[in-house]
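Novice: Go ahead and model the full structure; you've got the sequences and the hints to work with.
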Amino acid sequence: EADIYQTPRYLVIGTGKKITLECSQTMGHDKMYWYQQDPGMELHLIHYSYGVNSTEKGDLSSESTVSRIRTEHFPLTLESARPSHTSQYLCASSLGGTSGPQETQYFGPGTRLLVL
Amino acid sequence: AQKVTQAQTEISVVEKEDVTLDCVYETRDTTYYLFWYKQPPSGELVFLIRRNSFDEQNEISGRYSWNFQKSTSSFNFTITASQVVDSAVYFCALSLSNFGNEKLTFGTGTRLTIIP
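Chains as they are written, first to last, in this note's numbering: chain A, 162 to 277; chain B, 39 to 154.
Everything labelled a hint here was simulated from the structure, so no lab data went into it. Hints may contain errors.
Quick list of in silico lysine-lysine cross-link-like pairs, BS3-like style, CA-CA up to 25 Å [what the hints assert, rightly or not]:
hint	chain 1	residue 1	chain 2	residue 2
1	B	LYS41	B	LYS108
2	B	LYS76	B	LYS41
3	B	LYS54	B	LYS141
4	A	LYS192	A	LYS218
5	A	LYS192	B	LYS41
6	B	LYS141	A	LYS192
7	B	LYS76	B	LYS54
8	A	LYS179	A	LYS218
9	A	LYS218	A	LYS178
10	B	LYS108	B	LYS54
11	B	LYS76	B	LYS108
12	B	LYS141	A	LYS218
13	B	LYS141	B	LYS108
14	B	LYS108	A	LYS192
15	A	LYS218	B	LYS41
Specialist: Set out below in structure tokens:
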């Protein structure tokens with residue numbers, strides 16, 4: 162059972178607002194990821210981190226930014242939300258270290274964002 | 039570049055029927071990892087199974103079974119005696135063996151509806 166949490170679960174916000182989506186895990190995992198899932202169900206990696214002070218952009222370009230100041234915390238920020246940002250955002254983590262690429266990514270419950 | 043194809047967008051079966059979800063993958067790497075995840079209506083992705091490219095043994099876990107065939111680049115998932123709780127979107131995913139490149143490539147998902 163994975164212990165990875167996301168808040169809020171649902172967010173409705175107006176255009177231009179700054180928002181931060183929270184993601185925390187209690188498993189001590191080094192690697193963390195953010196995926197964006199569009200209404201057509203496909204998941205796209207937008208950010209990932211291999212550890213504290215490490216952040217990389219994913220395959221899908223995103224206007225969001227992330228930070229990794231603590232191992233357990235990987236927040237995602239949108240400085241100025243737009244309707245095109247409406248989507249579900251899923252956070253995941255995996256063990257990292259020397260365990261290699263075969264490790265499993267465990268996902269949080271997701272945040273459904275609606276920008277009006 | 040790697041790719042995962044789930045040709046079945048939506049499947050509906052009557053409860054207690056067996057159902058198979060197809061997954062075809064493409065990669066030039068000889069070492070890779072395949073995953074299945076379940077996404078119930080609540081939104082989170084639940085890890086189901088991980089297989090590496092060197093292990094072609096089929097796996098059974100309760101009513102779930104997986105058929106991995108490298109010759110056809112397929113990793114199909116069968117649910118036996120389906121139940122309403124199996125209704126969800128199922129994703130097949132692939133990751134490569136390069137350390138530092140463990141990003142998951144997802145298929146577009148198959149929405150499975152079990153009719154009571």
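Novice: Next, verify each hint and record whether it holds.
Specialist: Consistency of the hints with the structure:
no. : hint                : in the structure
1   : B:LYS41 / B:LYS108  : 15 Å, holds
2   : B:LYS76 / B:LYS41   : 19 Å, holds
3   : B:LYS54 / B:LYS141  : 36 Å, violated
4   : A:LYS192 / A:LYS218 : 14 Å, holds
5   : A:LYS192 / B:LYS41  : 23 Å, holds
6   : B:LYS141 / A:LYS192 : 11 Å, holds
7   : B:LYS76 / B:LYS54   : 19 Å, holds
8   : A:LYS179 / A:LYS218 : 20 Å, holds
9   : A:LYS218 / A:LYS178 : 23 Å, holds
10  : B:LYS108 / B:LYS54  : 30 Å, violated
11  : B:LYS76 / B:LYS108  : 23 Å, holds
12  : B:LYS141 / A:LYS218 : 11 Å, holds
13  : B:LYS141 / B:LYS108 : 21 Å, holds
14  : B:LYS108 / A:LYS192 : 29 Å, violated
15  : A:LYS218 / B:LYS41  : 19 Å, holds
Checked against the numbered hints above, the structure violates hints 3, 10, 14; every other hint is satisfied.
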